[in-house]
Amino acid sequence: MLEALGIAALTLAVLSTIFLVALVLRRTSVAREERRRLQAERRLRSLALDIVGGEEIDVSGLATEELAILAEVIGRLSRNLSGDARRRISAYFAGTSAFATELRSLGDRRAWRRATAAYRLGDMACDDAVPRLIRSLNDRDADVRSATARSLGRLQAHEATEPLLLSLVVGVVPRAIAFRAILDIGATALPGLHRLARSSDAAVRAGAIELIGWLGDASDAELLVGAMNDSAAEVRARAAGALGRLAEDEGATALTDALDDRIYFVRLHAARALGQVGEREAVPRLLQQAREDRFEAARAAAEAISRIDPQALLAAAELPDAGPHLHEAADLLKA
Amino acid sequence: MSYLHDLAVFLAAVTLTYFAALNLIYLAFTAIAWRSLVEHLRARGHAPDDEVFTSPVTPPVSVLVPAYNEGPTIVESVHSLLSLRYPQHEVIVVNDGSSDDTLERLKTEFDLVPVRKALRFLLPTAPIRGAYVSRRHRNLWIVDKENGGKSDALNAAVNASRYPYVCAIDADAILEEDALLRVARPIIDEPEVVVAAGGIVRIANGCRIDHGRVLDVRLPRSRLATLQVLEYFRAFLIGRVGWSRMNALLSISGAFGMFRRSLVETVGGYSRDTVGEDIELVVKLHRHMRERDERYRIEFVPDPVCWTEAPETLAQLSRQRRRWHRGLGETLWRHKPLAGNPRYGWLGTAAVPYFLFFEFVGPVIELLGLPAILVWWIFGELSVLFLVGFFVVAVLLGILLSLAALTLEEHSFRRHREGREIARLIGFSLVENIGYRQLLAFWRFVAFFDLARGRNDWGEMNRKGFATIKEAPLPPT
Numbered sequence: 037m038l039e040a041l042g043i044a045a046l047t048l049a050v051l052s053t054i055f056l057v058a059l060v061l062r063r064t065s066v067a068r069e070e071r072r073r074l075q076a077e078r079r080l081r082s083l084a085l086d087i088v089g090g091e092e093i094d095v096s097g098l099a100t101e102e103l104a105i106l107a108e109v110i111g112r113l114s115r116n117l118s119g120d121a122r123r124r125i126s127a128y129f130a131g132t133s134a135f136a137t138e139l140r141s142l143g144d145r146r147a148w149r150r151a152t153a154a155y156r157l158g159d160m161a162c163d164d165a166v167p168r169l170i171r172s173l174n175d176r177d178a179d180v181r182s183a184t185a186r187s188l189g190r191l192q193a194h195e196a197t198e199p200l201l202l203s204l205v206v207g208v209v210p211r212a213i214a215f216r217a218i219l220d221i222g223a224t225a226l227p228g229l230h231r232l233a234r235s236s237d238a239a240v241r242a243g244a245i246e247l248i249g250w251l252g253d254a255s256d257a258e259l260l261v262g263a264m265n266d267s268a269a270e271v272r273a274r275a276a277g278a279l280g281r282l283a284e285d286e287g288a289t290a291l292t293d294a295l296d297d298r299i300y301f302v303r304l305h306a307a308r309a310l311g312q313v314g315e316r317e318a319v320p321r322l323l324q325q326a327r328e329d330r331f332e333a334a335r336a337a338a339e340a341i342s343r344i345d346p347q348a349l350l351a352a353a354e355l356p357d358a359g360p361h362l363h364e365a366a367d368l369l370k371a
Numbered sequence: 011m012s013y014l015h016d017l018a019v020f021l022a023a024v025t026l027t028y029f030a031a032l033n034l035i036y037l038a039f040t041a042i043a044w045r046s047l048v049e050h051l052r053a054r055g056h057a058p059d060d061e062v063f064t065s066p067v068t069p070p071v072s073v074l075v076p077a078y079n080e081g082p083t084i085v086e087s088v089h090s091l092l093s094l095r096y097p098q099h100e101v102i103v104v105n106d107g108s109s110d111d112t113l114e115r116l117k118t119e120f121d122l123v124p125v126r127k128a129l130r131f132l133l134p135t136a137p138i139r140g141a142y143v144s145r146r147h148r149n150l151w152i153v154d155k156e157n158g159g160k161s162d163a164l165n166a167a168v169n170a171s172r173y174p175y176v177c178a179i180d181a182d183a184i185l186e187e188d189a190l191l192r193v194a195r196p197i198i199d200e201p202e203v204v205v206a207a208g209g210i211v212r213i214a215n216g217c218r219i220d221h222g223r224v225l226d227v228r229l230p231r232s233r234l235a236t237l238q239v240l241e242y243f244r245a246f247l248i249g250r251v252g253w254s255r256m257n258a259l260l261s262i263s264g265a266f267g268m269f270r271r272s273l274v275e276t277v278g279g280y281s282r283d284t285v286g287e288d289i290e291l292v293v294k295l296h297r298h299m300r301e302r303d304e305r306y307r308i309e310f311v312p313d314p315v316c317w318t319e320a321p322e323t324l325a326q327l328s329r330q331r332r333r334w335h336r337g338l339g340e341t342l343w344r345h346k347p348l349a350g351n352p353r354y355g356w357l358g359t360a361a362v363p364y365f366l367f368f369e370f371v372g373p374v375i376e377l378l379g380l381p382a383i384l385v386w387w388i389f390g391e392l393s394v395l396f397l398v399g400f401f402v403v404a405v406l407l408g409i410l411l412s413l414a415a416l417t418l419e420e421h422s423f424r425r426h427r428e429g430r431e432i433a434r435l436i437g438f439s440l441v442e443n444i445g446y447r448q449l450l451a452f453w454r455f456v457a458f459f460d461l462a463r464g465r466n467d468w469g470e471m472n473r474k475g476f477a478t479i480k481e482a483p484l485p486p487t
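Each protein sequence line maps, in turn, to chains B and S.
Quick note: to get my numbering, add 36 to the position in the first sequence (first position is 1).
Quick note: to get my numbering, add 10 to the position in the second sequence (first position is 1).
Only chain B is shown next, with the shape it has when bound in the complex (with noise of 0.2 Å):
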């Protein structure tokens, strides 16, 4: 027994030991590393705005850790940048090793090195990576799915659209970094977007018809009050949020309309589009479901009130029936 705790102590003090000598050491060469990364950075920052800038720089005297280094200082700056700055950017990393390696990493069997490759490849801007991209959005690996959604954003891959909606609908994508993916795209994603609000999915229509919303303008407001009519109340309270957004009063009726929608956040939604139309009309219909309405869809059709006309709530909420909602618009009007 006691053999057994003296070898025990031992261990113990041993593996001690090695915690402390690891905590010393890992301080110091961090710290060291750090002051050497930083100095390494600012030297080469001026290197990369020229770049940035269209300067014909050579770069070849440097060394591969610099190289790397510099990659990292484009890339970084790459993320605010757009035109013909980005342009040089991709030009620059076409012609280097960096872009290559990254590329070749997209298959490497660790899933962090390849989310970092599919993470770095948006920075370097350069559209040769989109196809192996697009199919990186089926690895195994939700990171790795995840960093490759941004880049093709930041590639502004049009091609992209429909795996990057399907990735959405399916869940494989999470839903934020998709959809904002498909909205850094811009309007190119558009033709696509069409195309699949006539898939006969509906989570995938109304995925496409919500992005028609941010993306679309006045010439789609026939496909929108069109998808008012669908089948899926999904669609249905989607394509109320869309027309909302692209404020057409084209759209008016159907969402008047769409006030009686047996489901509740289809209602709630086209409260919400109706406020952002400034339909008067809908004021009547929508005092109703501001006062008798599930409580979201109640509150939605107030704030619509408050947007359109605020005499009319004003007055509605000195009524004995006015309701929490139409108060509590009321007061927030006054505040």
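Worth flagging that the hints you see were computed from the coordinates, not collected in a lab.
Where hints are given, some of them may not hold.
Stated by the list, open to error - So the derived label-pair ranges between C-beta atoms look like this:
{"hint": "1", "chain 1": "S", "residue 1": "ARG447", "chain 2": "B", "residue 2": "ARG140", "range": "45 to 53 Å"}
{"hint": "2", "chain 1": "S", "residue 1": "PHE63", "chain 2": "B", "residue 2": "ALA351", "range": "57 to 65 Å"}
{"hint": "3", "chain 1": "S", "residue 1": "PHE63", "chain 2": "B", "residue 2": "LEU74", "range": "49 to 57 Å"}
{"hint": "4", "chain 1": "B", "residue 1": "ILE299", "chain 2": "S", "residue 2": "VAL203", "range": "40 to 48 Å"}
Claimed, not checked - Not close to chain B: a few residues of chain S, all C-beta gaps over 10 Å, as computed:
{"hint": "5", "residue": "ALA41"}
{"hint": "6", "residue": "GLY278"}
{"hint": "7", "residue": "ARG424"}
These figures come from a predicted structure and were not determined experimentally.
For every residue, glycine included, the Cβ atom is placed at its ideal position computed from N, Cα and C.
With chain B fixed as given, assemble chain S onto it according to the hints.
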């Protein structure tokens, strides 16, 4: 004499077994935590945080702040919460019948105006006196109610919240600017699966704080608070990371936790008859989801930081630890069907038994076991060498675990930039096993008497400061 001998041998054997098992568990958790944190840190390098921040479909969050006599800190706290980096959030402060000037300070600072706010009242609460909105920050709401305790205030805030996720924050806590965004990441990534997430709590004593922001991370001057820094490292970086990996996280700190609102409402909100409302809510959520065989996760995220003030006097620390222990005991008693029940997965088979035997009953074993070993020695069946050896091994294990937690912190987050602060923490990790841990065990032991007496109060914590649809009535002018 024989009876005493048998009892001493039994207790001593239980103590030795308990000691060996507990430390093996700790060591296993250290290994699990190490792996999890390394993965988490790698993922941070390619996390599309900016995309999440600018995405219009990132779910909005209601930040809930129960406030009772928080006059010295409330204004700074609210400023810090309003400036959080998150796409869309509202802050709901519930003044829980404060007897100080909490409400007056808020009114003056934020230009509040009374509003008849529509409230859900799905969760019962003490009567609401009124609600206010800020003219300067339209996403700041104050609900004024009669005193009903922290749980009651949180339930009132849930009733008043607008958004699908709620994040409960202590009024005296400070969140880092991107903490909300980071703690929400598991929910944003898997909204259908993740129902709750909690972040890390760190000790703000000693830090330089200005306008609700921690500008410089420093160790507390107080030795007692410094000991708690180490303790929090162990609890959060090892314990919670490990349990989270097994989806058996029993507790999300009441100081900083995010929940799916509809689920909180479904399980009846925060229980008003316990002082451990945070742990109780998490166990209720687990139980609800498991009993319906629904796929879910409750996650701990190690990098979003909530800074909080730690007790600096023995009296305050004693009250806090006794309250925590009472809360744990009440929750374990209330949810006793979970213990050892495989239907509840790792929660039933590992987490609840662990918390029952090692966290809850542990202090009794520690305090009764050591005298029993001494009695065993008096009977002449143990040698002095064994006693000394046992003591040395116990202390070395404690040191090892603290150093492991410290190394983990240093490897991952490196919040303490000064080398001498790390040296100080190393020093404390050597001495905390003699005196401090025994004191904690004693307080937790005393909590059993509080439980037996049916104590249900929170006790005072003197803050120094850091620097059915109804509506709320209009407050009296």
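Note to self: Range first: 49 to 57 Å. Now tell me if the beta carbons of S:PHE63 and B:LEU74 are that far apart.
What the structure shows: Between S:PHE63 and B:LEU74, where Cβ atoms are some 26 Å apart, the hint is violated.
Notebook entry, point to check: Is 45 to 53 Å right for how far apart the beta carbons of S:ARG447 and B:ARG140 are?
Noted result: Holds: the Cβ-Cβ distance is about 52 Å, inside 45 to 53 Å.
Checklist line | Minimum Cβ-Cβ distance from S:GLY278 to chain B exceeds 10 Å | finding: holds (18 Å)
Notebook entry, point to check: Between S:PHE63 and B:ALA351, does the C-beta distance stay in 57 to 65 Å?
Noted result: violated (41 Å)
Margin query: Given a hint of 40 to 48 Å, does the C-beta separation of B:ILE299 and S:VAL203 actually sit inside it?
Written below: Once the Cβ atoms are compared, 25 Å apart, the range 40 to 48 Å for S:VAL203 and B:ILE299 is violated.
Checklist line | Claimed clearance of chain B by S:ARG424, with the beta carbon kept past 10 Å | finding: violated (7 Å)
Check: Is it correct that the beta-carbon of S:ALA41 has no partner in chain B closer than or equal to 10 Å?
Finding: holds (12 Å)
Of the numbered hints stated above, those contradicted by the structure are hints 2, 3, 4, 7, listed in ascending order.
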